[in-house]
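Each chain, written out:
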Amino acid sequence: MKLPQVPGRVMLREDGGEWYAMNLETGNLFKLNRSAFDILSFCQRGLTVDEAVAEMSAHHQSGLDKIRPDIIKTIARFKEYGLLVETAVVETAAEGTVEGK
Amino acid sequence: MKVLLAFPPHPVPYPGRVEPLGVEYLAAAVSDRAEVGIFDGYGGRLSPAGIVAGAGRFAPDVLGVSTPHNSQVPAALELIRGVRRILPATTIVWGGNWPTFAPERALADGPVDFAVRHEGESTFRHIVDALAAGRDPRRDPPPGLAFRDGGRVVNTGAPELIADLDSLPFPARHLVPGYPAPYTSYSIIASRGCPFRCPNCSTSEMWLHRRRQRSATAVAAEIQGLFAAYGPHPVGFVDDLFTGKRRWVMELCVALQPLRAAGLTWHCNTRVDYLDAELIAAMARAGCSSMFLGMESASIRVLRQLGKHYTPAGARATFAACLEHGIEPNVSFMIGLPFETRADLEETVNFVVALCRDMPRVRVGVRHLTPLFGTRLHRESAAFGLEILDDDQSRLDLLVSRVKTRHLSRRDIDEAYMRMRIAIGRKHALDPGGA
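Taken in order, these protein sequences are the chains called Y and G. By this note's numbering, the letter at position 101 of the first sequence is numbered 101, and the numbering carries on one by one without gaps. With positions in the second sequence counted from 1, the corresponding number in this note's numbering is that position plus 101.
Bear in mind the hints are in silico, worked out from the structure with no lab data behind them. Predicted model only: the values in this text are computed from it and were never measured. Positions of the beta carbon are idealized from the N, C-alpha and C atoms, including for glycine. Treat the hints with care, since some could be wrong.
[Unchecked claim] Not close to chain Y: a few residues of chain G, all C-beta gaps over 12 Å, as computed:
#1 R185
#2 D210
#3 L262
#4 A385
#5 T442
#6 R468
#7 E516
[Stated by the list, open to error] With a cut-off of at most 30 Å between alpha-carbon atoms, the simulated DSSO-like pairs for lysine-lysine come out as follows:
#8 G:K505 to G:K409
#9 G:K409 to Y:K31
#10 G:K409 to G:K346
#11 Y:K31 to Y:K79
#12 Y:K79 to G:K505
#13 Y:K2 to Y:K79
Extracted from the complex, chain Y is given alone in its bound form (with noise of 0.2 Å):
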């Protein structure tokens, strides 16, 4: 399952070494530790679910149990900011709607 999106009106930047996400819609910024950055930039990669446990557990000791609920929880509250979308009905002139993309 892919993670949501990042919608194109949020920015990420890294900072002297400090973390942060701006949605530029609402003009609100959040600063934001390693690991949920990293889970930001999973989203914008458009990894799967899988695949961001993977890398997180590559960088963290936790174990994927404890990995998994963590990334979930975490998106939802992005979510709730206005920092990650569902995965969206893309739509183009020339290709109509697709689901998905």
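On the provided structure of chain Y, position chain G as indicated by the hints.
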């Protein structure tokens, strides 16, 4: 004759709650000839439906709606339509930014009888007097009015501005329910207007590019009256250019001195190039505790294009002088200006980052350029090389980039904005008390 004045709520959160000074002045202008009520949708937290319900109980002959901010327009239209539905005979008058700069739209969008343009007291009084005398205000209309006449809109042009502001009665604050509880400060306007023609500013056009001021004694007397009636409270001067006349500010500072013992502190808005060390010291002695300064850019090239005659180094010296005298400078930058190149923007970002790091007691804010209706930037956007991506005037919160310029993509603007916001956020984390 019963007159109800309404200040619609607006969705943009402003720091603190500012009293509806415009409708208080209008109320004072007609309170000697009518029974007057005020509903403040913003400070009083009244929805348009709540104002309509209140209007139904008050049953005014005239409803005056004031919207200095375009973000109030949707709520204004909702309450205007609601009042028209339940009180079809009430004369509805709409003033503020939108009716001033788009009178045809204001008259077309809602069941409005009259759009009052620019300064409203004289024009509004003319309408109330005519109706009280059983006359149609459209006969012999004064300047400053727009109305429908058959299928066409009649616009009588700009009004004569009031020559002597001391001739106006003090704002009718006693008519605001619960005054002063809903508000964070007493709002005072000591001068109206600004002579500058900054292309991004609509208030200067609203006041027809002229600055007039009240006498120092009248301003001090108004504050003294407020303290006597309601007790001491911080004062916010809402003038566009408080220090526009140096000698007058000095006189005002002297006139305010006796109120210091009663606890007077105040805030004002001005420009960096209208301050000097002596003036800052005098203002501090008179109780000034903070001032809003629209610095806009740290590129000298851009500052000159805006008609601002200071340098970034000079601005820092001014901020330092303010801090030395216990005045908190609240400095605002604007990004996405049409003359701004990437190099200019980089100068501003670097200045803001350094300012946040070196002078954490300076309050810093960054706003996106927002082409407001009534400004040259909006009227002549193409000539300025400005592409307006979102022209919904009701959503103008200055937090979101809505333009692309000849030199800057939206991404350039967004990235610069984010870098500055990070610097400001970092400053808050380091010095939460000072920011």
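Status of the hints after comparison with the structure:
no.	hint	in the structure
1	R185	holds (34 Å)
2	D210	holds (26 Å)
3	L262	holds (36 Å)
4	A385	holds (33 Å)
5	T442	holds (21 Å)
6	R468	violated (10 Å)
7	E516	violated (7 Å)
8	G:K505 to G:K409	holds (23 Å)
9	G:K409 to Y:K31	violated (35 Å)
10	G:K409 to G:K346	holds (16 Å)
11	Y:K31 to Y:K79	holds (16 Å)
12	Y:K79 to G:K505	holds (28 Å)
13	Y:K2 to Y:K79	holds (15 Å)
Against the hints set out earlier in the document, violations occur for numbers 6, 7 and 9.
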